[in-house]
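J.: Now for the letters of each chain:
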Amino acid sequence: MRLIITLKHRFLALGALSVVGILLPFLFPKDLNSITTMLYYMMLALSWNLIMGYTGIFSFGHMGFALVGGYTTALLVLRLDISPFLGLIAGGIAAALVSLLLGAVCLRLRGFYLTLVTWAFAEILITVLTVEHEITGGSMGLTVRGFFKGTGMIANYYIGLILVVLLGLFLILIMNSRIGIYLKSIRDDEGVSEVLGINTVFWKLFSFTVTGFWAGIAGAFYTHHIGVIDPSAGSLTVLSMVFLMVIVGGIGTMIGPVIGTVFVMFLSEFLSGKLAEMSVLIFAGLMIIAMMFFRDGMVGAFRLPLEKLLNRKNRDLPGKAAS
Amino acid sequence: MDSLTFFLDITSRGIALGAAYALMGLGLTLIFGIMRIVNFAQGEFYMLGTYTVFALVMYAGIPFYLGIPLGMLVMFLVGMAVEKTLLSPISKGKIENPMEYSLIITIGLSIFIRQLVVIIFGPNYQRMPDFISGRMDFGFLTMTWSWFLVLVVSTLLIILVTLYIRYSWRGRSWRSIAETPDGASILGVNVKRERSIVFGLSCLLAAGAGAVLAPITLIYPTVGAAPLIKGYEILAIGGLGSIPGSLIGGIMLGLVETYGSIYINPAYKDFYGFALLMLFLIFRPKGLFGKS
Chain R
1 MRLIITLKHR
11 FLALGALSVV
21 GILLPFLFPK
31 DLNSITTMLY
41 YMMLALSWNL
51 IMGYTGIFSF
61 GHMGFALVGG
71 YTTALLVLRL
81 DISPFLGLIA
91 GGIAAALVSL
101 LLGAVCLRLR
111 GFYLTLVTWA
121 FAEILITVLT
131 VEHEITGGSM
141 GLTVRGFFKG
151 TGMIANYYIG
161 LILVVLLGLF
171 LILIMNSRIG
181 IYLKSIRDDE
191 GVSEVLGINT
201 VFWKLFSFTV
211 TGFWAGIAGA
221 FYTHHIGVID
231 PSAGSLTVLS
241 MVFLMVIVGG
251 IGTMIGPVIG
261 TVFVMFLSEF
271 LSGKLAEMSV
281 LIFAGLMIIA
291 MMFFRDGMVG
301 AFRLPLEKLL
311 NRKNRDLPGK
321 AAS
Chain P
1 MDSLTFFLDI
11 TSRGIALGAA
21 YALMGLGLTL
31 IFGIMRIVNF
41 AQGEFYMLGT
51 YTVFALVMYA
61 GIPFYLGIPL
71 GMLVMFLVGM
81 AVEKTLLSPI
91 SKGKIENPME
101 YSLIITIGLS
111 IFIRQLVVII
121 FGPNYQRMPD
131 FISGRMDFGF
141 LTMTWSWFLV
151 LVVSTLLIIL
161 VTLYIRYSWR
171 GRSWRSIAET
181 PDGASILGVN
191 VKRERSIVFG
201 LSCLLAAGAG
211 AVLAPITLIY
221 PTVGAAPLIK
231 GYEILAIGGL
241 GSIPGSLIGG
251 IMLGLVETYG
261 SIYINPAYKD
271 FYGFALLMLF
281 LIFRPKGLFG
291 KS
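Quick note, the sequences are listed as chains R and P, same order. Mind the numbering: the first sequence is residues 1 to 323 in our numbering, read in order. Mind the numbering: the second sequence is residues 1 to 292 in our numbering, read in order.
Pulled out of the complex, with its shape left as it was, chain R reads as follows (with noise of 0.2 Å):
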């Protein structure tokens, strides 16, 4: 019997992780960098998964409009002098035109096709931030204040949870709802959804701003927390660990990216120091052997037990669905 997951089930999820949320800098006070860290990779990898895994678009532009977003908000907080809260908003704002302008313009295509154009879009953009270097500061970036002065990590980290959170309720809204089920359609056979009457090209559009504004979100996000952006934040090498993230979590699912970024985020921790070396290895094996062995990531992998223990459970109730 298939595990049936309601909204009530997602709410409970999101409360009980949001409850661990707040608790976890009491948990690991020497670490506030690396969970904050974690809750950027988190927004990134959340929003990823809803243009790959639920909309089916491999994006390699992601990293790309985080870099829209954060240079968007370090260089009018710079020029301008703005609440760096208003550069945040600002930076997602400025993250989703630009995803809207790509999109119209490429949503067209498909399968790879589409996935070299944003490849091209992302190493563009951090070529023209690299040259232009009296706007951009080229590949030494830029430096921005942080959000509030003198506070410290920890408002950084609240700031982050909030966001999270805030998208973790928006993905759960957005995927129950029907425009959940255009985009799965749209994932599982674009052909088939148009005949349906979906407005495909819609709702690819739809999907691919909301997903360039909420990464525009966490690259400004990230920008006022280290206080610094530069070029190399929209490398491959960090796109990399997103889809890492994602896959080994559990593509397409709604808890998969939180697992996978925490599990990633953990190891790399551990493997930290000596070890340093071999956590790039170990990293792209992980992504082999998932892919390979465990395409559905580690969602995939409890699922399978947990029917198995539920269908034990009501074996004697045929009828009744497992909860």
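Simulated from the structure, these hints should not be mistaken for laboratory data. Don't take every hint at face value.
As the list claims (entries may be wrong) - Covered by chain R, per the in silico footprint, the following chain P stretches (three or more residues, Cβ under 8 Å): (1) 111-125; (2) 273-287.
What the hints assert, rightly or not - Among the chain P residues that face chain R by a calculated CB cut under 8 Å, a handful are: (3) P89; (4) L103; (5) I105; (6) I107; (7) G108; (8) I229; (9) A236; (10) Y263; (11) I264; (12) A267; (13) D270.
To be verified - Some chain P residues judged to face chain R by a derived CB distance under 10 Å, without partners named: (14) F32; (15) L86; (16) I95; (17) W145; (18) E179; (19) Y232; (20) L235; (21) I262; (22) N265.
Virtual Cβ for every residue (Gly too), placed ideally from N, Cα, C.
Once you've looked at the hints, dock chain P against the given chain R.
T.: Frame of chain R, contents of chain P only:
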């Protein structure tokens, strides 16, 4: 040097560069057209080509005209091994979406290979001295021997592969697999084996490009990043699945990059390729000769 001679000079260099890039594009076209997958680790095979020829020539003392083919052969075998281990689930029909699968697996593979090289050889640049030093002079045409070698080796490989695909039995079997794998299988083609061979060939070509460009580009673990992108640019410009497309695309890219760097702005060197890529994908997704 007057401007015409200069122009001819850089044109010949652009063509030589383009021919080497075309090797990358050719390999990618073959696996896209025949296997319907992508290899994101193609740049790493290019890089392994540079390291292999470096090791063979500098440490084993093998002369370059033996070292380069030997290096390519080694990479052919490595490529076949990779296909048999990592990509075999596709051949066995277990994968719904081979593109996505191959993309992610080869991303992981590229990171793995790169890091392995960093651990074994260190992250620093190695220099590969010119195979033949000095310039050659055919009167109207003059370039360094290194560039000339790039041109000759690349062109030779391209011609050989093209002729092989057109006239040999195996080449025909590949073309049939590209059209219909099941049909080819019915006609007696061992599709699994041919897929391995095609993949190996693609890696051989990438390694060849790396080996022959090694004296020019230096040797370091991330040297494959740019050729990878160029390869895909050529794929998009020439048209996925088209061999003449990848040749012409390669030359186009080599020239655009060289002219752009010299006449416009060298800092934007890589940008020209990306821009071409995007323009083609947006306005002419089939590329110049693509079959889709």
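J.: Report the numbers of all earlier hints that the structure fails to satisfy, in ascending order.
T.: Numbers 10, 11, 17, 18 and 21 - these are the hints that the structure violates, sorted from lowest upward.
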